[in-house]
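Q: Sequence:
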Amino acid sequence: MLIKRSEGRAARGGLAASFAGLSGGATDRRGFLRRSGVVAGGLGALGALGAGTVRKAEAGPMQPGVAVELKKNICTHCSVGCTVIAEVQNGVWVGQEPAWESPINRGTHCAKGASVRELVHGDRRVKYPMKLVNGQWTRINWDQAISEIGDKLLEIRQQSGPDAVFLLGSAKFSNEGAYLYRKFAAFWGTNNVDHQARICHSTTVAGVANTWGYGAQTNSYNDIRNSKTMIIMGGNPAEAHPVSLQHVLQGKEINRANLIVIDPRFTRTAAHATEYVRPRPGTDIPVFWGLLWHIFENGWEDKEFIRQRVYGMDEVRREVAKWTPAEVEKVTGVPGAQMRKVAEMFAKQKPATLIWCMGLTQKTVGTANVRAACILLLATGNVGSNGTGANIFRGHCNVQGATDLGLDVTTLPLYYGLDEGAWRHWGRVWDVSYDYLRGRFGPGNADDAARKRMMEMPGITTTRYFDATTLEPGSGDTANLIAGQPNFRGMVVFGHGGNTVTRMPEAVAGLEKLDLLVIADPHPTTFAVLANRRENTYVLPICTQFECSGSRTASNRSLQWGEQVVKPIFESKNDYEVIYRLSEKLGFATEMFKNIKVNGKEPEAESILREINLGGWSTGYCGQSPERLKAHMANQGAFDLVTLRAPENAPAEIRGDYYGLPWPCWGTPQYRHPGTHILYNTNLHVKDGGGTFRARFGVERNGETLLSEGSWSKGSEIEDGYPQFTYGVLKKLGWDSDLTAEERATIERIGGANPDNVAWSTDLSGGIQRVALEHGCIPFGNGKARANAWNLPDPIPVHREPIYSPRPDLVAQYPTRDNFMALRVRNIGKTVQDRAVQNNVARNFPIVLTSGRLVEYEGGGEETRSNKWLAELQQDMFVEINTQDAAERNIRDGQWVLVNGPEMPAGKHIRVKALVTDRVGRGVAFMPFHFAGWFMQEDQRRKYPQGTDPIVLGESVNTVTTYGYDPVTAMQETKCTLCQIRAA
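Adding 35 to a residue's 1-based position in the sequence shown gives its number in this note's numbering.
These aren't lab readings, by the way, just hints derived from the structure by calculation. Glycine is no exception: its CB is placed at the ideal position from the N, C-alpha and C atoms. Any given hint might turn out to be false.
DEER-style ranges, computed between Cβ atoms [unchecked claim]: (1) K357 / G511: 33 to 39 Å; (2) R976 / E507: 31 to 37 Å; (3) V103 / Q194: 52 to 58 Å.
Calculated pairs, DMTMM-like style, for lysine to aspartate or glutamate (alpha carbon to alpha carbon, straight line, at most 25 Å) [said to hold, decoys possible]: (4) K629 / E639; (5) K385 / D675; (6) K106 / E606; (7) K602 / E570; (8) K357 / D844; (9) K602 / D158; (10) K943 / E973; (11) K766 / E744; (12) K376 / E339; (13) K487 / D466.
Please take these sequences and the hints and turn them into a complete structure.
A: Right, here's the structure in full:
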C-alpha cells in the first residue's frame, strides 16, 4: 500500500500508468536516467536518495556544444537553506545539482529539493491572470486585473476604511518581497498583515524574545555537531527538515552523543534516538517541569550561570516543586525513572541542545511551552556557547526572514514594534513624514487621535481572518471585534495555502462573505476553490523564487542570495513588480518607491536590500549588503563545515566572515562585521560575533538588577552588566568623542531637542553601534535572561489542559485561561472548554488527533502535490491509528475510514485511508496537513482553473481541527484536539 512509505515503492495506479511511457518500458535505473537526460554528474542531483525514489524532471537533454550556465539559488521548501545549482542552456533550466560546497547541505537534497526544477516548468502552474465570472474562470490580462482589483480595494477603503482589507503574505517571499509587502501594508494604512509564521512559530518568536532578547534560533544546524546531548521535542526533522538530520546524526556518531526524542508519535526521527519518551499530547510543560524537578532536587543546575545571567529562577523553582514524579506521570504518562534519566543526561553530559518545531508551538499554551523550554536551557547553562542553545527548526524557506522583515501584525520591519518611535524611525528610512503615514490609517472621517490608535494597534491574525469577516462587532463586554475594527471585506493573499488554518468549515463561511478575494501564487491554492464564490475572485500568476533574484534567511539566521535562474515563465511576474503595480494603482507608488530603483515597473532586489540595511539596525540586518552576500555564494566552499567561518587564507572579501552573515551583523556593510553564528556567546569579542543577553526589559525590577552580574563578553571594557546604548550613554562614558562629525550630525538631526535619547537601533549613521563595538560592548546591552516574563499572561509557565482534553477530570485542576480580547478579536476558549466538559465530548470523541509533516510534501501541499515526481510517492491522505483502536473499530490497514471532530457539522466526516500502526500510542491518531481538494467528501477538482488542479487531492486535517488559540500570538491548536474514527 502506498502510504506504507518504508516499502520504498509506489502502487502502480493511474498516476504511475500515465507516466509509463517516460521510461519506454522495462529498464534498469541507469538506463532510465540516461533516457531522462541525466548524465554523469547529473546523478548527484538525486543526493543520497534510493533507487526509484525521485526521477529527474524532464526538460529535454542538454544540447551538445551549447554553453551551460551554472546559477545558484536556494531550495524553496523548508528552512534549512540548501543550495541548488541550476544548469541553464539558452534560457532553459535543463539540469540541477545539489551544491557540494554549501556548508549547509554538503551535496545532498531531500526528495523535495531534488525535484524543485519541476516547480519552474511544471505544467500545472497558473499561466495567466484569471477572474471568476458567474462561477467560471476567465482569462484576463495584467492591466485589467490590476485595474479591477485596485478599483475594488479603493471602494472598500472609501466605504469601510483600510482596516477592512486583510493582507496575507508569505514565507515564500524573499526578504525583499516580504519587506515590500509590509511596507505596502503601512502605506495602505493597516497592521492587518500576516504570514505563515503565525501558524508555525509565532509562539517561538514571542517566547524566546521575551526570555533573552531575540526570537530566533540561537545556534545552527552545523553547531549541533558539537553537542553531547540533544533533545528533540515536538519536531521530526527526518521528514520535516531531512538535510538537517545529517548534522544531528553526525553529532550523535562523532561525539557518541545522547539523542533523546520526546514525541507522542514514534517518528522516523525517533527511530534514531538513544532514548525515546512518549508523553500524552498537550503536556509539554509538565514534561519540562518534570525534568527540572529532578535537576533542582539533585542540585544539577548551573548555579553560577543562573546567578550571573538569569532573573527570576527562584519563582520557577516554586512552580516546579509542584511537579513531583507522581504528578508528572499522572498527567503525562511518562514514568519518573525515565524522566530522571533524561534530566541527568541533559544537565551533566554537556554541551546540550534543545531542538523543537511545531509540536511545541502549535498549542493554546505555545508561548508558555517555548518559555519552559528556554528555562530548562537557562537552568542547566546550556545557552550561549558551542553545542548548546535553542535550535528551532522553522518550516518554510524564508519563514525566518519574512518574520524578521515585518510580516507580523505586531510590528514594523525588524521587530521595531508599532509605537510612535518605530513609525518615526521607518518614516525617516522611507523619507516620508510621520504625519503622512498616520494619515493613511483609519476611516476617512477619523481624527488624528483615532488614526494614531489604529496605527499603533496590533492587527488581526491569519488564524482569525474568517472570524473577523463573519462575527458581528458588538460593543462593550459583548464585543467580538475591538472598537474601530470593521469586518473584513477584502483579502489579498500572496503565497499562502488556505488549508493550513484550523476550523475550515468556518473559513468557508468567511471566504464566501468577502467582497474581494485575490490569490497571487504560482499555483491557485485552496483559497481559489474552498468556498463557493462566483464573482470578485482573482488568481494572479506569481513566479517562483527561482525566477527572480533576492535573499532569504535560513533558520540559523544566515542570509543567502539566490540569483535568477530563468526569466518568469508564461505570463507570471515576480512579487516586486506586482506589489509595485498595485501601489501605483492605489496612488502611493511615488512615495513608497522614492528611494528604490525601479526598472520599468520592476523594483530591483539589490536596491530593496540596501534600504533594509539602511533601517535594520535593531536586528543587525544592516551589514549584509548584496555584494557581501553574493561573495559568500561564490565562495561557499571556503567556509568551515562546523564553525561556518571563513579562514584567514580565504578570499579577502569573505575572510573572517560567518557563512551568510547571520544576524545580527552589526554596523554598515563597510564595517565588515562577520555576523553572529551563536547568539549570546560571551566567549568571543563582539567584533568577532560574540554577545550577551539583551538588556531589553529595563535595568531593575522589585529592587533586583536586571543587568548581568559578573559576566561580560570577551574584551569588553565594561566588566559587568550595562544597559542599551544611546547617545546619552556614550556621553556618560566619554565615548561620544569617538563619533565622526557626520555620525554626530545624523544623531542630532534624528534626536532634535532630545539627541541623548537616540538609541543604537534608531541611529541611521550606525555610529552608536560602531563605537560600542570598538569598546568591546554589544549595542543592546548586557542583561539577564528572564525566567520570569512578567509582561506575559503566565509569567511563569503553568500547565493548562487543551481546550478539548481527553482528560476532563484534569480540566478543573489545570483549566485554560478565561475568555479575553487579544489581537482585535475575542478569544472564547474557556467557554468552549467548559462546554466540552459539560457535554462530555471526550466520550464521543475519544481519540486525540495530532498533525504533522511528510517528507514528500510541504506546507499546504498545493505546490508539491502538483509535482509529478513527488505526487507519485504519496497519493492518499491517511490517518495513523493505533492497532488496538483499529481492532476495536473493526478497521483494517489500508481501508477507507471516516473521521470527524466535535466542531464539524452534524453528519459530516472526512474520508481518508487508514494506516494501522503502533507509531501512535493508544488513544492517539496522526494525520499529515499537506492535503486539500476534497472537503467533507466533496471532490473540488472541478473548481480549479483548468489545468491547474494538483495531481493529488485529499481531505484536509484542518476540517477536523477545532477552536483554541495561544493568548499571546493567537497561534492555533493543531496538535491535540479530539476526533472519532469509523470504518467507511
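Q: Each hint should be assessed against the structure and marked as holding or not.
A: Hints and how they fare:
1. A hinted range of 33 to 39 Å for the beta carbons of K357 and G511 is consistent with their spacing of about 38 Å.
2. For the hinted restraint 31 to 37 Å between R976 and E507, the CB-CB distance of approximately 35 Å keeps it satisfied.
3. Separated by about 56 Å at the C-beta atoms, V103 and Q194 satisfy the suggested range of 52 to 58 Å.
4. Proposed proximity of K629 and E639 is supported: the alpha carbons are some 13 Å apart, at most 25 Å.
5. Restraint check for K385 and D675: the C-alpha separation of about 23 Å stays at or below 25 Å, so the hint holds.
6. Proximity of K106 to E606 is assessed by CA-CA distance (about 22 Å); at most 25 Å being required, the pair is judged to hold.
7. The suggested pairing of K602 with E570 is violated, with an alpha-carbon distance near 32 Å, which exceeds 25 Å.
8. Taking the CA atoms of K357 and D844, the gap is about 18 Å. The hint holds against a cut of 25 Å.
9. For the proposed pair K602 and D158, the alpha carbon gap of about 16 Å is at most 25 Å, so the pair holds.
10. The suggested pairing of K943 with E973 holds, with an alpha-carbon distance near 11 Å, which does not exceed 25 Å.
11. For the hint pairing K766 with E744, the CA-to-CA distance comes to about 23 Å; that is within 25 Å, so the pair holds.
12. Of the pairs offered as hints, the one joining K376 and E339 holds, with about 23 Å between alpha carbons and a cut-off of 25 Å not exceeded.
13. Simply put, K487 and D466 have alpha-carbon atoms about 19 Å apart, close enough for the 25 Å limit, and the pair holds.
Comparing the model with each earlier hint shows a violation of hint 7 alone; every other hint is respected.
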